[in-house]
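Participant: Protein chains in written order, with the UniProt record's numbering: chain X, 1 to 263; chain P, 1 to 263; chain D, 1 to 263; chain V, 1 to 263.
FYI, nobody ran anything at the bench for these hints, they're computed from the structure. Treat the hints with care, since some could be wrong.
[Stated by the list, open to error] Rough simulated footprint, nothing fancy, chain D against chain X, three-plus residues with beta-carbon under 8 angstroms:
hint, region
1, 189 to 199
2, 218 to 231
[Claimed, not checked] Part of the chain V face toward chain P, derived, beta carbon under 10 angstroms:
hint, residue
3, Ser142
4, His150
5, Pro151
6, Pro181
7, Asp182
8, Trp188
9, Ala190
10, Arg191
11, Ala202
12, Val219
Here a beta-carbon is modelled for each residue, glycine too, at the ideal position from N, C-alpha and C.
Protein chains: 4
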Amino acid sequence: MTSTTTAPTSATIRVAVLGADGRMGRTTCAAVEAADGLELVARVEQGDDVTAVLAAAGAQVAVDFTHPSATETNVHAALDAGAHVVVGTTGWTDESRGRVADHLARRADEGLDLGVIIAPNFGLSAVLAGVFAAQAARYFESVEVIELHHPDKADAPSGTATHTAHAVAAARRAAGVAPSPDATESGWEARGADVDGVRVHAVRLRGLVAHEEILLGNVGEQLVIRQDSFDRASFMPGVVLAVREVVGRPGLTVGLENVLDLG
Amino acid sequence: MTSTTTAPTSATIRVAVLGADGRMGRTTCAAVEAADGLELVARVEQGDDVTAVLAAAGAQVAVDFTHPSATETNVHAALDAGAHVVVGTTGWTDESRGRVADHLARRADEGLDLGVIIAPNFGLSAVLAGVFAAQAARYFESVEVIELHHPDKADAPSGTATHTAHAVAAARRAAGVAPSPDATESGWEARGADVDGVRVHAVRLRGLVAHEEILLGNVGEQLVIRQDSFDRASFMPGVVLAVREVVGRPGLTVGLENVLDLG
Amino acid sequence: MTSTTTAPTSATIRVAVLGADGRMGRTTCAAVEAADGLELVARVEQGDDVTAVLAAAGAQVAVDFTHPSATETNVHAALDAGAHVVVGTTGWTDESRGRVADHLARRADEGLDLGVIIAPNFGLSAVLAGVFAAQAARYFESVEVIELHHPDKADAPSGTATHTAHAVAAARRAAGVAPSPDATESGWEARGADVDGVRVHAVRLRGLVAHEEILLGNVGEQLVIRQDSFDRASFMPGVVLAVREVVGRPGLTVGLENVLDLG
Amino acid sequence: MTSTTTAPTSATIRVAVLGADGRMGRTTCAAVEAADGLELVARVEQGDDVTAVLAAAGAQVAVDFTHPSATETNVHAALDAGAHVVVGTTGWTDESRGRVADHLARRADEGLDLGVIIAPNFGLSAVLAGVFAAQAARYFESVEVIELHHPDKADAPSGTATHTAHAVAAARRAAGVAPSPDATESGWEARGADVDGVRVHAVRLRGLVAHEEILLGNVGEQLVIRQDSFDRASFMPGVVLAVREVVGRPGLTVGLENVLDLG
Numbered sequence: 001m002t003s004t005t006t007a008p009t010s011a012t013i014r015v016a017v018l019g020a021d022g023r024m025g026r027t028t029c030a031a032v033e034a035a036d037g038l039e040l041v042a043r044v045e046q047g048d049d050v051t052a053v054l055a056a057a058g059a060q061v062a063v064d065f066t067h068p069s070a071t072e073t074n075v076h077a078a079l080d081a082g083a084h085v086v087v088g089t090t091g092w093t094d095e096s097r098g099r100v101a102d103h104l105a106r107r108a109d110e111g112l113d114l115g116v117i118i119a120p121n122f123g124l125s126a127v128l129a130g131v132f133a134a135q136a137a138r139y140f141e142s143v144e145v146i147e148l149h150h151p152d153k154a155d156a157p158s159g160t161a162t163h164t165a166h167a168v169a170a171a172r173r174a175a176g177v178a179p180s181p182d183a184t185e186s187g188w189e190a191r192g193a194d195v196d197g198v199r200v201h202a203v204r205l206r207g208l209v210a211h212e213e214i215l216l217g218n219v220g221e222q223l224v225i226r227q228d229s230f231d232r233a234s235f236m237p238g239v240v241l242a243v244r245e246v247v248g249r250p251g252l253t254v255g256l257e258n259v260l261d262l263g
Numbered sequence: 001m002t003s004t005t006t007a008p009t010s011a012t013i014r015v016a017v018l019g020a021d022g023r024m025g026r027t028t029c030a031a032v033e034a035a036d037g038l039e040l041v042a043r044v045e046q047g048d049d050v051t052a053v054l055a056a057a058g059a060q061v062a063v064d065f066t067h068p069s070a071t072e073t074n075v076h077a078a079l080d081a082g083a084h085v086v087v088g089t090t091g092w093t094d095e096s097r098g099r100v101a102d103h104l105a106r107r108a109d110e111g112l113d114l115g116v117i118i119a120p121n122f123g124l125s126a127v128l129a130g131v132f133a134a135q136a137a138r139y140f141e142s143v144e145v146i147e148l149h150h151p152d153k154a155d156a157p158s159g160t161a162t163h164t165a166h167a168v169a170a171a172r173r174a175a176g177v178a179p180s181p182d183a184t185e186s187g188w189e190a191r192g193a194d195v196d197g198v199r200v201h202a203v204r205l206r207g208l209v210a211h212e213e214i215l216l217g218n219v220g221e222q223l224v225i226r227q228d229s230f231d232r233a234s235f236m237p238g239v240v241l242a243v244r245e246v247v248g249r250p251g252l253t254v255g256l257e258n259v260l261d262l263g
Numbered sequence: 001m002t003s004t005t006t007a008p009t010s011a012t013i014r015v016a017v018l019g020a021d022g023r024m025g026r027t028t029c030a031a032v033e034a035a036d037g038l039e040l041v042a043r044v045e046q047g048d049d050v051t052a053v054l055a056a057a058g059a060q061v062a063v064d065f066t067h068p069s070a071t072e073t074n075v076h077a078a079l080d081a082g083a084h085v086v087v088g089t090t091g092w093t094d095e096s097r098g099r100v101a102d103h104l105a106r107r108a109d110e111g112l113d114l115g116v117i118i119a120p121n122f123g124l125s126a127v128l129a130g131v132f133a134a135q136a137a138r139y140f141e142s143v144e145v146i147e148l149h150h151p152d153k154a155d156a157p158s159g160t161a162t163h164t165a166h167a168v169a170a171a172r173r174a175a176g177v178a179p180s181p182d183a184t185e186s187g188w189e190a191r192g193a194d195v196d197g198v199r200v201h202a203v204r205l206r207g208l209v210a211h212e213e214i215l216l217g218n219v220g221e222q223l224v225i226r227q228d229s230f231d232r233a234s235f236m237p238g239v240v241l242a243v244r245e246v247v248g249r250p251g252l253t254v255g256l257e258n259v260l261d262l263g
Numbered sequence: 001m002t003s004t005t006t007a008p009t010s011a012t013i014r015v016a017v018l019g020a021d022g023r024m025g026r027t028t029c030a031a032v033e034a035a036d037g038l039e040l041v042a043r044v045e046q047g048d049d050v051t052a053v054l055a056a057a058g059a060q061v062a063v064d065f066t067h068p069s070a071t072e073t074n075v076h077a078a079l080d081a082g083a084h085v086v087v088g089t090t091g092w093t094d095e096s097r098g099r100v101a102d103h104l105a106r107r108a109d110e111g112l113d114l115g116v117i118i119a120p121n122f123g124l125s126a127v128l129a130g131v132f133a134a135q136a137a138r139y140f141e142s143v144e145v146i147e148l149h150h151p152d153k154a155d156a157p158s159g160t161a162t163h164t165a166h167a168v169a170a171a172r173r174a175a176g177v178a179p180s181p182d183a184t185e186s187g188w189e190a191r192g193a194d195v196d197g198v199r200v201h202a203v204r205l206r207g208l209v210a211h212e213e214i215l216l217g218n219v220g221e222q223l224v225i226r227q228d229s230f231d232r233a234s235f236m237p238g239v240v241l242a243v244r245e246v247v248g249r250p251g252l253t254v255g256l257e258n259v260l261d262l263g
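Based on the sequences and whatever the hints tell you, model everything.
Facilitator: As structure tokens, then:
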């Protein structure tokens, strides 16, 4: 653990990174240091006393990229230190999110408006692709999803593509849109997985990282929303955005899409 | 001019098409006839008395695909007949739109809530691409636009791409985003047109019709929004949508994007 | 049947179209009329005496877009009339092709060097995409195929994509290349059809016609070969090319790729 | 400099890397070590006596990723040591290549058949994209090139895109193909650079590395050849291929495309 003790200025948000010695944590530290208006005040590693370190460093926001087994404890510890929290670690359940919401409510009752943003994906291109696909889905007769990843990935389709398919399907159901037309009689194994009525295709190709393409079609027209994640550095603009937003957004927010201003 | 005189039912919208003998008009007639809940009650051609025909046919909505020199007169004539209007003809100015708004206000004062939707583009994929590009623009360091058309097109870049570039530029200015980085020192002629600070590239290729691609980039990630218009039939879902919406949307609405439900 | 009797000139190839009243036949007639150096001398329809009409018209090349049940008979009749033949009709077998080769050999023995080109696909973009994919296949660790069609197509994957997959697989086997890596453990239904060891994905989307994409990947790089067939008019440059080539290419040639000069 | 002295076996090619301490050199060393049938026997750095080190190490092939000012001297030194050479360094001229050809001829006269492969680009996807574009160019009415790079690139269009445009233009001239049709009357600045009659567009976008897209169009169809270089590691399959090929390819070969088997 390292901390600096410069006094906070109104223009600067003081940020602590939890899991600072992990891959995402190191990248986050670098991103915080490079971002205008953010100051890295603590690198918290496994074994550190989170509440004590954050309090000593005067951290206003804690960013958690640790481990599913540790993240909930870390969030409560950060709230105890009076810090807002941005969480990129996975493994959250309705129950664990509920306990965080309760904790936030207690702090609010004490007069301290803290915010927590939990996001499974901080990639702006991935999050926006999903949002736009859901917005567009009701206006097209057909929609299919293709996700493309490196060939070392063990599961298919990807969690992001599955999430997109469900969002698309929900939007179409809500608007009363019929299922995508499909006259296929033979060769179903080429037609991809059926995820909530939406066909999802998984490509595995050496050289790729993580990519998603949503195709929407009407008579005579097509809309394609494509996103490419080339590098884990791509999560950093989303993390920095969440840090800037969380200080003004009390309570629990789940999903980066709910932080974005798409007005 | 032909008209049918079936009595309107609550479940059906009675539609007249102005310019029914033109290319877009014929396509519109076919689309109205094919659409659930719409009934084509009049095909109005040049020389017909618009108000009289619409009144006789009991048209609730008039769709105008005529000519820039005729469209404003047609809209006022349709409002005189008590019909809502959907306009796909170009050539509108602030002044002509203002006169329609005034007319609508007078009818509202008389107790008749009529709506007019004027849209330069009814292609859902094109409209949504522009909307999504503007929504996403503030979240990416770089943005460029590529439009691709058949090689018989005389102007570059396309009106749609120019519109998108302005929308993207405005969104970035409003959010205080810096211009896209660009270290180009030589070869500027390859870097496309500068439209409001956004680089726009025009491709002309036999076989293509009308296509637009908006590329947005951050460190390690890319978002691409692509739309293809293969055929003028692609405007029809947007026209049908506007017909359904205009009956419940009093006053003047400009741009199909303002009719869409992107909540 | 119609025929014109202008004397052939050295600069012009006299062409008869068999199946001139079908969709492909009509398009072919228009393409022949529009092509430099080709002259349409006969439109042959069902019931016409092919040999007699071709002989009367002085046709040098017959183009057959008829029906699988008629095409072999037509080819023999055209050869009897001393015409070269370009065949776009499907349904050929090793046996029927063998009988045409035998017929060509007999005519050659008689001192008449005639050529026949049978091609299942005259789309240059589709044919070249398949050729390039096969050429590139041995140089990449991974390869997958995505085909995209309108949703009224009953079979999947498309014949073209299946053909491409086999060509790619054969090229890799010949070069001793290992199968594409794939760590998939769950969700195989999203991974497409296994065609000769190559994953093939079929997308069905309203607005599309016929499209194919071959993705090839190595560490740090990707090659994508994409072809779009928007319209049956796209077959015409290939048909015109085959007409020009067949007069100088005695014997039987199967596949447009074997007519192309890719030196 | 480090060298190993294991005796060469018939199944293994003994490789020395010149410029082993540079970025490309280090990547090459790793690739050689990882490749079946290749053995890294020397890492040669600036100041080392190239001939002596290669001779001592028993190197059969030298790979040069040094500097334009050093590369020609290195090649002659390697030939003096009896090694074949693969060169990825730029800066070669007709004159310097001529001197290498002369040197190779002298060694051949002495009974030693050595090979040198000089390639400005070892990226297989980039090289193949250029080859395929040139092969296809004569068969399409229209062709344009889009290159996309990171925004820190100072020159436009890229050398690779310029090379592709010239190859495409030469192929079309040789086949007597007319220039791509273009009815543009206004807005030429959006139409890209004119490189030998081919329009080339340069996109600069954060997140991208080096990408090229060649679009070819006929009535009703499109062929798109796209290549992505995500990482300098992408050069390694091409380097390894050249090492394997050079031992059986006496004389001077310029361009990786001339090493590929595209039969």
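Participant: Regarding the hint that Ser142 of chain V lies at the interface with chain P, is the smallest CB-CB distance below 10 angstroms?
Facilitator: OK, holds: Ser142 of chain V within 10 angstroms of chain P, min 4 angstroms.
Participant: Is the interface hint satisfied for Trp188 of chain V? The criterion is a beta-carbon contact with chain P at less than 10 angstroms.
Facilitator: holds (7 angstroms)
Participant: So is the region 218 to 231 of chain X in contact with chain D by the C-beta rule, three or more residues under 8 angstroms, or is the coverage claim wrong?
Facilitator: It holds, with 5 qualifying residues against the three required.
Participant: Are there three or more residues in the region 189 to 199 of chain X whose C-beta lies closer than 8 angstroms to some C-beta of chain D?
Facilitator: holds (count 7)
Participant: Go through the hint on His150 of chain V and say holds or violated, using the shortest Cβ distance to chain P against 10 angstroms.
Facilitator: Because about 9 angstroms separates His150 of chain V from the closest Cβ in chain P, which is inside the 10 angstroms limit, the hint holds.
Participant: How about Ala190 of chain V: closest beta carbon in chain P under 10 angstroms, or not?
Facilitator: holds (4 angstroms)
Participant: Given Arg191 of chain V as an interface hint, is the shortest Cβ-Cβ distance to chain P below 10 angstroms?
Facilitator: Hint holds; Arg191 of chain V Cβ to chain P Cβ min 5 angstroms, cut 10 angstroms.
Participant: Hold the hint about Asp182 of chain V up to the distance rule: shortest CB distance to chain P must be less than 10 angstroms.
Facilitator: Status holds, d = 5 angstroms.
Participant: Given Pro151 of chain V as an interface hint, is its Cβ closer than 10 angstroms to any Cβ of chain P?
Facilitator: At about 4 angstroms, which falls below the 10 angstroms cut-off, the nearest Cβ of chain P leaves the hint on Pro151 of chain V intact, so it holds.
Participant: Hint validation: Val219 of chain V versus chain P, beta carbon distance must be below 10 angstroms. Holds or violated?
Facilitator: holds (6 angstroms)
Participant: With a cut-off of 10 angstroms on the beta carbons, see whether Pro181 of chain V makes it to chain P.
Facilitator: This hint holds: Pro181 of chain V lies near chain P, its Cβ roughly 4 angstroms from the closest one there, short of 10 angstroms.
Participant: Would the hint on Ala202 of chain V stand, with a C-beta cut-off of 10 angstroms toward chain P?
Facilitator: Given a least distance of 4 angstroms, the restraint on Ala202 of chain V holds.
The structure shown violates none of the earlier numbered hints.
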